[in-house]
Amino acid sequence: MTKRLFVKGNEAVAMAAIEAGCRYYFGYPITPQSDIPEYLSRELPRLNGEFIQAESEIASINMLLGASATGVRAMTSSSSPGISLKQEGISYMAGSELPGVIVNISRSGPGLGGIDASQSDYFQAVKGGGHGGYHIVVLAPSSVQEMYDLTMLAFDLADIYRMPAMVLADSVVGQMKEPLVPNKRPAADLPDKDWAVRGKGDGEQRVVKSLFLGDGELEAHNWKLYRKYQELKARECRWEACQTDDADLLVAAFGSTARIAKTAIMMAREEGLKVGLLRPITLFPFPERAFLEATERTKKVLVVELNTGQMVEDVRLSVARDAEVAFYGRPPGAGSLPTPEELLEQIRQHY
Amino acid sequence: MRHDLFIAGFGGQGVLLAGNLLSYAAIIEGKNVSFFPSYGVEKRGGAAMCTVVIADGDVGSPVIGNPSVTIALNQTSLDKFGSKVKPGGICIVNTSLVNLEAFGRRDIEIIRVPMNDIAMGLGDARMVNMVAVGVYVAKTGAVNSATLEEALKSALPERNHSFIPANMKAIEAGAEFARAKTS
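As you go down the protein sequences, you meet chains A and B in turn.
The working numbering puts the first residue of the first sequence at 22, with every later residue one more than the last.
The working numbering puts the first residue of the second sequence at 711, with every later residue one more than the last.
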């Protein structure tokens, strides 16, 4: 067995970025994600990479756009208020079909809110947080190992589908330490970046842009983006199903909340309650078919989130017609993280 | 087997190092573990707390409401977390700094350990956390005390490796105290 390291979630993201071949990072500090730039500011210069602490979040997302347009793997990270500032740039990247990884170790809001764990950026992440009706890939790790593995996957999906990819986590997954197997970058069949700008030379002119003014041009561009989202839904949905086969009640949760729910489910099973966990790993594309198929057998679903109800809407759109979907959530903030015991009580109530 | 534990004290008592040490030992023994420090607006000299979950299988939640064991290194820790221990669980209390008179729980086992006195007897008051780890390991068997010596090499920076024997002595003193109490 490979030696297991003991690593903080945020550090695992930074380690994975390096293993995935990312050599360019642009960011601006904000709690609770600053371990990521700290790590990369130390490691990237040694690898002939570039670490830039930009003057703002807006500058750093546009640096990401520029780096990505030259065809290199690049990343930025921030936390909720900073991610809000980056939305314009993310929209431009989506419109320009540029890959690039954006990490959101989200914190509680709205506004400056607080620094505690939160899942209230779900809508912003999966529905296209900026203007123009686009989507980006959104991955939701729930362990330190997944922080590592899904960050590498984010780079691959971004390159394959030519779109930004987000790793969406929070201070529970970012700040906790767990064993980590630092896997090698997986082999992936990646398309050539024959669109990347490379300066004035002899080749044909290449233009990376999101401005389309010709008659019918922008509509065609949007249909092209739409087809990519359909392709993602068909090919790239990922989820974890745990003890769902005989379940009378399905608990649906993502990220840190799914971890808490897992222990609540173990406790419920000890009481003889048949409860299972369905955990979306890709939030976009949302694993619609997994929910449809699971609710053809199991008619009760309890969605648990660290917000007042966001993913529950996608669950309701996905389940079988006769399934009942209940919701339990807590708005994020100091002291609002639910315990397994609290979720067990909810399971008993909705069973 | 699944072990969940709160370790709490004030900043400087080595709460996080104790949690890290147990985690490294669990990893060396091939177990799974999660270490979750309380995360919020923290300040120097303020409260320090971490949750450690050690399991042969899936760790599950890194967040626990009612742990099987709480180690309380100072008074506020007992006041805040003593009531959370699962019925039938264990509370390991540093009686050098904690007054138990007002603590009314009769449904858990309370292990009273004068940790500062033991540490000072060994010549270093900073070993309080290691005494606590010794008591915990002897009491629960969550990890083997032999593994802790190797784990210390990972938990401590290289420059402090010369202190490993002193740390092991404190762990052993804690374990010895726990065994004498229960036999």
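It is worth saying that the hints were derived from the structure and are not from the lab.
Treat the hints loosely; a few may be bogus.
Unchecked claim - Label-pair restraints from in silico Cβ distances:
| no. | chain 1 | residue 1 | chain 2 | residue 2 | range |
| --- | --- | --- | --- | --- | --- |
| 1 | B | R754 | A | G293 | 45 to 51 Å |
| 2 | A | L338 | B | E859 | 51 to 57 Å |
| 3 | B | K790 | A | P102 | 29 to 35 Å |
| 4 | B | E859 | A | R248 | 56 to 62 Å |
| 5 | B | E859 | A | A75 | 43 to 49 Å |
| 6 | A | F144 | B | S748 | 45 to 51 Å |
| 7 | B | K790 | A | Y372 | 41 to 47 Å |
Here the structure is a predicted model, which is why all the values come from computation and not from measurement.
In this text, a Cβ means the ideal position worked out from N, Cα and C, and glycines have one as well.
How does the Cβ-Cβ distance of R754/B and G293/A compare with 45 to 51 Å: does it lie in that range?
-> holds (48 Å)
So the hint says 45 to 51 Å: do the beta-carbon atoms of F144/A and S748/B match that?
-> violated (28 Å)
Outcome for the supplied range 43 to 49 Å, where the beta carbon pair is E859/B and A75/A = Check passed, 46 Å falls within 43 to 49 Å.
Kindly confirm whether 41 to 47 Å is satisfied by the beta carbon distance between K790/B and Y372/A.
-> Given range 41 to 47 Å: violated, Cβ gap about 32 Å.
Given the hint of 51 to 57 Å, check if L338/A and E859/B actually sit that far apart at their C-beta atoms.
-> Given a distance of about 55 Å, which is inside 51 to 57 Å, the answer is holds.
Is 29 to 35 Å a correct range for the gap between the Cβ atoms of K790/B and P102/A?
-> holds (30 Å)
Between E859/B and R248/A, is the Cβ distance one that fits in 56 to 62 Å?
-> Given about 60 Å between the Cβ atoms, the range holds.
Taken one by one, the earlier hints fail for this structure at numbers 6, 7, listed in ascending order.
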